[in-house]
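**Q** Residue numbers (our numbering), protein chains in the order written: chain X, 98 to 550; chain U, 98 to 550.
One copy or two, it doesn't matter: identical chains are merged, so the pair holds either way.
The calculated DSS-like cross-link candidates involving lysine-lysine, where the alpha carbons are at most 27 Å apart (straight line), are: (1) K325 to K176; (2) K152 to K325; (3) K359 to K516; (4) K261 to K294; (5) K325 to K148; (6) K207 to K176; (7) K105 to K158; (8) K156 to K207; (9) K376 to K325; (10) K457 to K376; (11) K261 to K156; (12) K516 to K354; (13) K354 to K325; (14) K148 to K158; (15) K128 to K325; (16) K105 to K457; (17) K158 to K325; (18) K359 to K325; (19) K156 to K325; (20) K325 to K105; (21) K128 to K158; (22) K516 to K105.
What the hints contain is simulated information worked out from the structure, not anything from laboratory work.
Number of protein chains: 2
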Amino acid sequence: MSVPISEKQLLNDILPLILESDAEGINELLKNHRAEDIAEIFWDLEPDESKFLIKVIDKEKAVDVIRSLDEELQETLFKAYTASEIAGDVVAYLDSDDSVDILNLLPTQKAEEVLSHIHDQDYAKNLAAMLHYADDIAGGLMAKELIQVRHNWTVSQCVEEIRKQAEEVQSVHTVYVVDAKNVLVGVVSLKDIVLTKAHSSVIEITNTEVISVNAYATGEEVARLMSKYDLITIPVVDSMNRLIGRITIDDVVDFIKEEADKDFQLQAGLSENVESDDKVLILSRARLPWLMIGLIGGLGSSMLVSNFEGDISRLPQIAFFMPVVAAMGGNAGVQSSAIIVQGLANNTLKSRNIMPKLAKEFTVSLINGLACSAILLLFNVVLGHGYDLSMVVSLALITVIIFASLLGTVTPLILERLKIDPALATGPFITTTNDVIGLGVYFLLGRMLLGAF
Amino acid sequence: MSVPISEKQLLNDILPLILESDAEGINELLKNHRAEDIAEIFWDLEPDESKFLIKVIDKEKAVDVIRSLDEELQETLFKAYTASEIAGDVVAYLDSDDSVDILNLLPTQKAEEVLSHIHDQDYAKNLAAMLHYADDIAGGLMAKELIQVRHNWTVSQCVEEIRKQAEEVQSVHTVYVVDAKNVLVGVVSLKDIVLTKAHSSVIEITNTEVISVNAYATGEEVARLMSKYDLITIPVVDSMNRLIGRITIDDVVDFIKEEADKDFQLQAGLSENVESDDKVLILSRARLPWLMIGLIGGLGSSMLVSNFEGDISRLPQIAFFMPVVAAMGGNAGVQSSAIIVQGLANNTLKSRNIMPKLAKEFTVSLINGLACSAILLLFNVVLGHGYDLSMVVSLALITVIIFASLLGTVTPLILERLKIDPALATGPFITTTNDVIGLGVYFLLGRMLLGAF
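So that you can see chain X by itself, here it is in the shape it has in the complex (with noise of 0.2 Å):
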């Protein structure tokens, strides 16, 4: 049972061995050790390291390594290659969908130049072929290496082109039935090829019923189906339904997980995906436009209350109750966005009909802002803030709370029919517009219900 170890020890051991590039002791010691546990130290090694490291370590166990690299630490890596290196001490070991994932990191020319270096000629053209795909669609997060036979063979014969192809295939989950004009025709599992006779016909146990992706699926099509149907793997065609590659669910599970850090970002006011061993420009660069968004939206609320000077003047206590007025619609706000951003992207929500959400966040945000509002009230009767005061800053509260909570209903559902990103409503750009309206509200209620104060 080989539990990853501490990745500081390993650092600690392989350091004087980089240092003294015994190659055969490097190898010695991370002969039990995992390519992703060995991946993990290569945040400490500075790039002359790494690149030796690579070199030494035994090539398919090198390659693993580098395919488990984070791709921050990919692209340092292959600055350090040539694109002849890229091509034979890399991209051959690799599976399609992995060399291409490091082709993309590269520039354009230097990518161009490894497909050029690459011997195996299919091999290359298969790569360019997917390079086409953009990295979030079926075409981009697909292999191409997987395991095909025949409608019309029998299951001996699939055992013989399994054999052939265990090689390059190295996990096999599923066989996939074509006809002869490579148009899929089902799948076969393993399970059934083992208990089947060797002489009967593999169109037998063939499931036909089988779940398959254009390559032009999105990657969240490609998601929801697999974790509906609970799908380990699913088939990618062409147009003309023919089979041109497989998506395995740990690419899927990686693509989940940064979708949802995505919607985390832009909640948050992030615009890149930042991490804090970043460097400060980049941290700096990724927050700077939401706070922008953020200061012209504080410079908007400045405007719209300088306007209320001479009522500010006349009644200074006006002014105490701003930053809750304007905090509430905010915090309201993003509570009904999410909740609908959530519903669009789980497909949770039955129906994209605005009225009757809108009549129902009505209630919603009347029966939370009457609770707020009357605790205000109470709050400021017993602090003796003015009667007249106090019911303008509860009903200027509960209007808020309404207000905001419809828009942030809305807002989702306007943008998704924009084809733009929901959950962008979470953010900072519905704190900020409801703290503008929020205000505007507050003083047009003062000025109305307490006449010139």
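Dock chain U against chain X, hints included.
**A** This is chain U only, laid out in the frame that chain X set:
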């Protein structure tokens, strides 16, 4: 090739058949539909229609449909079932993990009654044992059904065992190898069983470097291991390393999605997993707690600002910039905490040392604070607000952005040490705190720098 057809069409076709109690017609109609798609229409059926439909569908398909139902629908459905019906018509046909999920939905007494009605004593005992595990740890995610073989068997004995178990274990991905004491020795892939001669010893093709989890490992840990090492299944062992179950990736995909949803909800200030189709009171209850926290923060703000009543009445313009200072503090704080929370969730945070993170965060927020406050200063000077006030506003903005960023960085790290979900720090909690602190800084700076105004 079966493509999921529109759910509405299916509903329209099936409703008249249900009204006429036409069992044969229903089964004819559903023949070409997958259980997962049939499950979708239950959202639009009345409880008695649901029960009737399940009753008339062919047993095996009916159980698949039940398994695919949303938990909420399952709960409603089972209210119409007696314990003995659940035992005989449902649980008897399900895998142990799905059965346990259903038993967990029932009131404790009814669940125990169901167990007492299960004919297969061993199965009932297994289920009772599994019910002891919380549903977010490995023991709660695992299924008991797996193919296990002895390490001293031949390949043909393994094939025999697979044949025996084939009925019970639907999808076989891996065969588990154990010793006489049931201790996990390793795994064998079906591919190797297909490709190896029948009289070979199974230990020759066993991969002994298998990653397993303890039954009490957290769901997060299981998800991390499976996604890091690209595993399709993972064996679950007890403290003596004896094999007690296996977890398949599809259950972990659901778990990963639920976890991401939870973080998203916390960030949006929702205290329960709600959907827009939920009842008004449930929606209201999920939102009210966080609105109350916002309200308390808002009351704090208003009490704080009330200390500066004199300053406001002397210089009403100071109130114009309260919203921008408060909002920017909130935005900057959420950005910082979201980066840390995501780093913790994805395990990409290389170190938990607070000091270097704070130093970096200081630099990032200084840059962003300078940029924002320079723009604000320019704007204020152009609009002819007094130079002194403009300087105070800009100074307050830098201070608040820096302070909020540092607080946003520290809070999730502290929450994690206290074993509280760090995602709490991205929600209304941090926004509210930053509102209050931001306004305090602003007014204090104003009083200090503008003197008696």
